[in-house]
Each structure stands twice: as structure tokens, then as C-alpha cells.
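Keeping their order, the protein sequence lines are chains A and B.
Residues 65 to 766 in the numbering used here are what the first sequence lists, from first letter to last.
Residues 85 to 379 in the numbering used here are what the second sequence lists, from first letter to last.
The hints are simulated quantities; they were obtained by calculation from the structure and are not laboratory data.
All clues given are correct.
Only part of the chain B face toward chain A is listed, based on derived beta-carbon distances under 8 Å:
id, residue
1, Ser165
2, Phe302
3, Asp304
4, Ile313
5, Phe326
6, His329
The beta carbon of each residue, even a glycine, is placed where N, CA and C say it ideally should be.
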Amino acid sequence: MTFLTPLFLLGTLAVAGPILFHLVRQATRDRVPFSSLEFLRAAPPRLDRRSRVEHWLLLLLRCAAIVLLGLGFARPFLKGVTNALPGTVEARRVVVLLDTSASLQRPGVWDRALERVRHHLRNQAGIQDLALVTFDRTPRVVVPFTDWRNAPPDTRTALVEQRLVGLAPGWGDTRLDTALQAGLDLLGESVGGPPPVDRELIVVSDLQEGSRTESLQTTEWPKGVRVVLDGVQSDRPGNAGIELLTGDDATPEASSNGVRVRIVNSPDATADRFEIAWQSGTSTTRVGTPMAVQVTPGQSRVVSLPRPTAPGADRIVLGGDAAGFDNTVFVTARPTNAVALRYVGVATDRTSRAPLYFLERALPERGTPPVVWMQQSADATALGGFQTFWKLTVVAAPPSPAVTDSIRSQVDQGATALVLANTPEAVNRLGALLGIADLTGTAEAQPGGSLLVDIDFRHPLFAPFADPRFSDFSRMRIWKPMRIDPARIPGAKVLARLDSGGPGLLEVPMGRGRVVIVPWGWSPADSQWVLSTKFVPFLMALLDASGALPSDRASTLAVGDPLPMPSSAEGSARELELPSGNRVPAPTSGANFTATTTPGIHRLFGEGPVREWAVNVAPSESRTAATVSGVLDALGVPLRERSAAEVSQTPTPAVQAAVETEGRQKLWRWFLAATLLILVVETLAAGWAARRSKRTREGQTP
Amino acid sequence: MKIRHLEWRARSVVEGFWAGLHRSPYHGFSAEFTEYRAYTPGDDLRHVDWRVFGRSDRHVIRKFEEETNLRCLLLVDQSRSMAYGSTGHTKADYAATLAATLARFLHQQGDAVGLLSFDQRVRDYLPPRHRASHLRQITLALEKPAGGTATDLVSPLRRVGELVRQRGRVVMISDFLAPLEALDRVLGQLVAAGQEVTLFRVLDPREIAFDFKTATLFEDVETGRTLHIDPDAVRQEYLDRFRAHAEALNGLARRLGIACHTVPTTQPLETLLLDVLRARSSGPACHRSASAIGR
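Next up, chain A with everything else stripped away, as it sits in the complex (with noise of 0.2 Å):
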């Protein structure tokens, strides 16, 4: 018999313990009351060893539950007996789930997180199923269960260690949570059979603050699945980052003078002085003046940096900082995924009279989203070949017949077209756009005005007015309407009617798209519509009805965010340009281009001018402070970390055969049970021994 524990032997010196007790309690017990010891001198009992010790059974049973105990703490376990002891062997699911985001490029962290994997191997004692999950944004099975189960149990460590030497850690953000629950899907898969109940999640990774983990707020676990955290630290402690802002987080006045940028320290950093400055993608020379940033450990600081005025740079570079993965951020040039609309009108007429007038200033280029309206005009008589698809068309004066063609194919296609009938033309040009022969429409004036009424506030176009506080359209006359029969439309829907009895905004479905018909000039002429505080909010509810806003509104990405490809004309051949040079054949419209793998700029070539986007490292991958397993014992997950016993130790082969022997074996419980029962007969023996003691003692005690 082998001990794996053997200094725990020395626990059954205690036997001393009872030996001397017995012996003690010999001389010391009983005291007999007497009135007078005057004529009594001391004669102490005769000392020879049989009569020191009384209760000898007590005696031995006392010294074998020590001896018992202390051989059960020392893990005993039979060398020669590989075949384990029936109903001692749990077989145990296992899913590893490893790392690869981009904080794991910090010096030193990969090469440990591999090193765990590999312990983990080694400690193969019980396991059933195993899989190996690698994770960022998202989970990807790199040795499935079934790989590790159809390989020979003494080639399964070399299966693995052969997927291993392809990985490496990417640039995408941790995403603790879908791994969390992908591996929790893999272990109650059931292969084979019924998946074990003894089931565990080994989680190997920097386990850094900015995992997210929101997900697992829902998350039940399941009885006998329990995730170990396998932490894994950098050589270096501390780590900087940088962060471009956008969208709310940039005001109108920093992005006309510069690009404001948030940059992080984290609160073990070593280091407070960094400094950020441009570069461009085809040198890493700097481009302008770098600027210097203070920012203490813990705290993070926002300046804006300005545009060199040198072209070609696309990337603000923090230097200073150890940890590289974080340290660059790529901006787009200016102005970035501006949403493109037709209008079709009098190209000469750039006056505040026209409706273009009045939408260039309701959604300009610089606004939010920047707005680009390409003008057509409206009596061209041939277009191009080449026709970009736009979502929204304005058209504000009656259009030509090639025009009126495309519009109506666009429109089939799922664009949406406003139409300004104001004229009985334009109501005529309407009705060959909406193929309706001899569609007429007559002015009817009157004094002082139309009003809208009956408006549909159900309708997306007028949803944003359904409140009762934005629902006064009273104040907003119409003066010279046209009255079109809505019952000469097929499948019309009057919206708002006019309070003269025609119908004030109808919507017509046309194959996938639909034409909304404005029945009245947007002059100041003819109505105040431009001039009241509805117009803007009209023309962005239809912009955001016709799909024409971008869905990235953000001008930056993070690496695994998909890039929303602008629609475009069937047929037409674009190309993406990845941040590596190469170009790929890039999705049809309306499909998102998912594999931004590399952070870095990507550019759309094809119809019209080339877009942009820039694509970086999320900003929370930068903080890297190890304390999201706090975070998950508060979500509930049934965590069992890693004791640092266990992580300073790796223990030998030799070692490690003996801990799976003793493990199989178990014979520490027979060890204990047998003690157990010693200490029932010990009880029972020492009652009867007291019981009769105390009537020898009755006999002599007055």
C-alpha cells in the first residue's frame, strides 16, 4: 500500500494520545469522601502493568480510529490495482474553452494559456468527452467530442496539442458569455449516450474586465456542470488603449477641427505619459506633430487630435504603451457613409423655391447622418447604363419618360419615391408612373387655405406626430392642393385628407416598393409645410421607412461587426478591399459582409464612390484587469477557481499517475467508514464501561 499524502502518517502518532489517558486516568479518577484521615497513612496502589490499564477493549478501539483516521488522510491506494473499485470511477464531460481574443496578444499571455490548456490534458484522470472551444466574439469547436472519442485514448493529448499549433489569439472582443453557453450546449449534447453528470467548463483565459457577460443573466445551469476559471496574467502588468469616439460621443465642433479620441489606463498600469499622433497605412513613419497625454492609472482621457493636413492618414497610433494590440485606431476619411438620395428636378433651379432648397438644409451633408442628395434632372431623356440604386427618390417636377422608367423599376425593386403632384403635368406624369392612364387632377384653391385632416398617425410617415403634443397640424395651410381621385389608384391609402375633401398624402405599394404621392407643392408658394417643424421630422420618418438610413451609423466598427452593404443595382460587380490589401468579391446588397476578421480599413469598390469603414479593436478589449470572475459568482455560474496551489504546482508524471490511482481507488472511504463504526462500538463499549464503573463506585461512596 502507497500513501499519496504520507505526512498525513504522522497524524496517527496521536495514538499516544489514548494510551496515556488510560494510564492517567488510573491514578486520577474517583475520590472517596472520608470524615478523618488522621489515622491513615498514603499507600498508593501496587504499579504493575496489568493493573494500570482497564478497559483494554476501549483502549484498542480508542488507538485503532486514530490509526484509521490518520491512514485515510494519507490517500492510501494499492499500487499494483490499476482496475478501479466498482462505483468509484464518475466519469467526467469536459469542455475547455480557450481564449483567443485580442487581449491574449499581450506579451506572455498566450504562451501560459497554452501551457494550461496542455496541464489540463495532462489531467485526463475520469474524463469521458472532451472538447476544445476557442472563443472571441464568438465560439469555434477546434476538437469537437466525437474527434476526441474516436482517437485512441494515448493519442488523444497529440490530437489536440496538433490543433493547437494553428491558433492564435485575434483581434476580436471576449465574449465570456456566448462561450459560456456554447460550452454549456456542447456538454449536454448527447453523444453516444447520455451526457455524464459530472460535467465541467474549464475557462481559459486573461479573464479581463471588459468581457461581457450580460447574457448569463438568464442563464440556468444545470446540476453537476461547475466552470472552472483558469486565469492566465501578462508579464507586464497594466495596458493602455485608445478609442476613437463617434456618434453622441463627438460633438459637431470636435469633428470640424480633429478626431477626439478616448485613451485608457488601467488601474495596475505602470505607466501615466503616452502620446498619440496620425500615421499612414503605407509607412509607420508619424504623419504631423504628435501630441503628449497624461492619464493615471485607472483613469481614461479624451482629446481631440487634429487632421494633418497631409493625405493618407488613416490610423491615430498611442505610443508608450507595452501592450500593442490596443494601441492603434483607424479613422475613415471625411465625410464617412454619407446616405445618397435622388432627386429628380429642375437642375437650374437651386433657388428657395425648389424643395431641394429646403432638403439640403433639412438633411445636410454634415448632419446626422450626413445626407448627400444627387440631383437628376428631370427631363433627361437617357440615362446611363450604369444606374445606382437609390432607396428614397424626391421627385419634385414631372419627370421625362427614361426617368419615370427608372424611377418605376427602382421603385419595383424596393425603392421608395415621393412624388410632388402639384401640377395637373405632374398628376399626369404620376399616372404613367403608376401606369394608370389619363389620371387627372384638378387645382381647388380656397380661401385662406387646406388644412390636413384625418390623419393616419398609425402610418410610419406620421407615427413620430402620433404623440398629442406633435399631433397640431392646424397651423399648417395648404394653398393650392390638387385634387386626385383616390378611387382611380388601385391599392391607394389615403394617409391625411385635406379639410376641402380631396385627399391630402396617399401611399400606392408598387411591386416592392411604393410611391407616396404629395398632392401639393413644397414652395413656400404653395403651402407652409417646408416652414413648419413637421417637415424635418417627416423626411426623416421617410428615410427611415424607405431603409435608406445606414445601419451603421457609427462611422467606426468593431473587428467581428458586420459590414451593411449598400444596396445596388442587380448585376453590378463590387469589390471589398480588406485592410490587408486583398480584395474579395463583395456581397449583393442588403447582405452584410461578416468576415472582418483584421482591424483595419475596409473599403467598398463599385458604383459610385468608394465607401469606407473603419473596423477596430473593441474598446473594451483594453481592460484588461482580471475581476470579471467577481462578476460571474455574482451572475450565479457555479464557479470553481483554481487554487494557487494548483497553479504553482505542476506536478510530475509519477505524481500525477498516483493522484488518478488514489482517484479511481478511493480507499480513503472505507477508511473512514471503518473509523465511523469503531467510534459507534467505541461509544457503546465505554457506556457499558461507565455504567458499571458508577455501580462499583455506588458501593464504595457513601
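Keeping the supplied structure of chain A fixed, place chain B upon it in accordance with the hints.
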């Protein structure tokens, strides 16, 4: 000893003994005559018998009603050694019952009875009187538990010599488990002063026989001293020394001509009183109870 209350216990002994006494030839050693005489001016009004006045309309002086011809002082040992007992009651219980019985017996005869209890010092002193309430006070004093860490036989007797000037009787109840050296002199002084001294030596049967079986730790109930003792080894020696001590006491009594009764706590009190009366009639001597040592 089965009756818990000391006063009732003493009364039951005395009544039983009194009933048997009428058939005894030794009764009436202290019968007292009470006299009335006519009131004369100048007599203390406290001595007028108002009951007679109520019945006969005559003023009569009650004379010698409370006087007695015998004054007896009971000396009772209440040291802790008396708290030992192996028969269901302690020596102190037995001694208290004996004292209470004697007090009641003497009271019924019309004698004045007093009490002096002691351990290593005098605890209570009630001078001899003949009143019903006095008997009660004696009983209360006797009911006090044993105390003290030693037994001093000399000082109480010396104190008696100082307190009691009139001739009378002194009854000392103790286990006499104490040095006897100075006892000789002080008892001699009492006897010389005209006191009739009687000693009752109360002992537990185990003290007499020392019939312990197993080796164990013996604890002195008085001093708390402990000794490891194998009874078989020391029994004979103990008995010899115990007997020598008893002999010394008896010899002392004989020399001084005082009565000394050795009383095991198993002896019924009625028979003890009878023995005492019989012995008194036959003159002072030291006596052993029928169940005492020596068998």
C-alpha cells in the same frame, strides 16, 4: 432518622421513651414543686397570676414556676468531619437528633437546657433556660449544617468553664476525631468546678470497621487533603490506631470519673437513652454500644 424534621424526630423519640419510662424505676429525678402565695403590696406585678385572678378574683403571686433544679448544657460538634456518613445519614444528623432529644427530654422534666455548638471555634451559644421558645431556638441552631475546617475540642470546654458558673451537667456530643492532649486538663477543670460531664462519641460504622474494598483516592472531608490508599494495605494499621485513640479517650474519662458513650450512628436513640439512664444510675463509667467497635 426517617423523620426529616429534627424537632418532630426528637419529640417522637422522647414520647416513645417517656411512655416506657412510667414503667421504669428510674423516673422523676427532677420533679419540681410550684407554689402560690397571696399578693402583698410591693410584689412585682409581673409575677401576679392573672388567670387565677380571672377565676377567683384573688391576687396570687406565681412563685418558682420557671425555676429548675438542673441546668444542662449540650455541647454539639458541628465540624465537617461530622458531615460524614455511610448509612444514609451523617454523624451530624445523628448528633443533632441526639441533642434535640436530650433537650426535649430534659425540658419535659422541667430542667433548663442550653446549647453550645462548635467546630474549630464556638458557633452558637444558648444559655440554659426552661422555656418552650428556648427549645425551639436550640432546635434551629442544631439544624445548621456542619462547617469549619478543623475540630477543636478544648476551646468550647474552656468557654463553658468561663460561661457556666453554677453547677450543672455538661453533655458533649462529638466524634472526638481530634488530638486529645489538652482535653484532659480542661475536662478536669470542669469536673472540679462541679459540672457533671457526659461524653457521647458518635461514629460511623465505616469509621469503626474501615471495610473499604478498592484502592482509591481518599479525601478528608474536613481539610480536603487527599491520599492514595489501598484499604487492604492499611486496614489493620488504621484499626489499631483508631482503637488506641478510643482507648485514650476512655482512659481519660475513667480518670476523671466522667461518663463516655461511644455511639454508632446505627444505634436507635431510644435504646441509647435507656443505656444512658441505666449507666447513670450505676455510676460514671465509659460505655460502648452493643454494636460498637471491638467485635
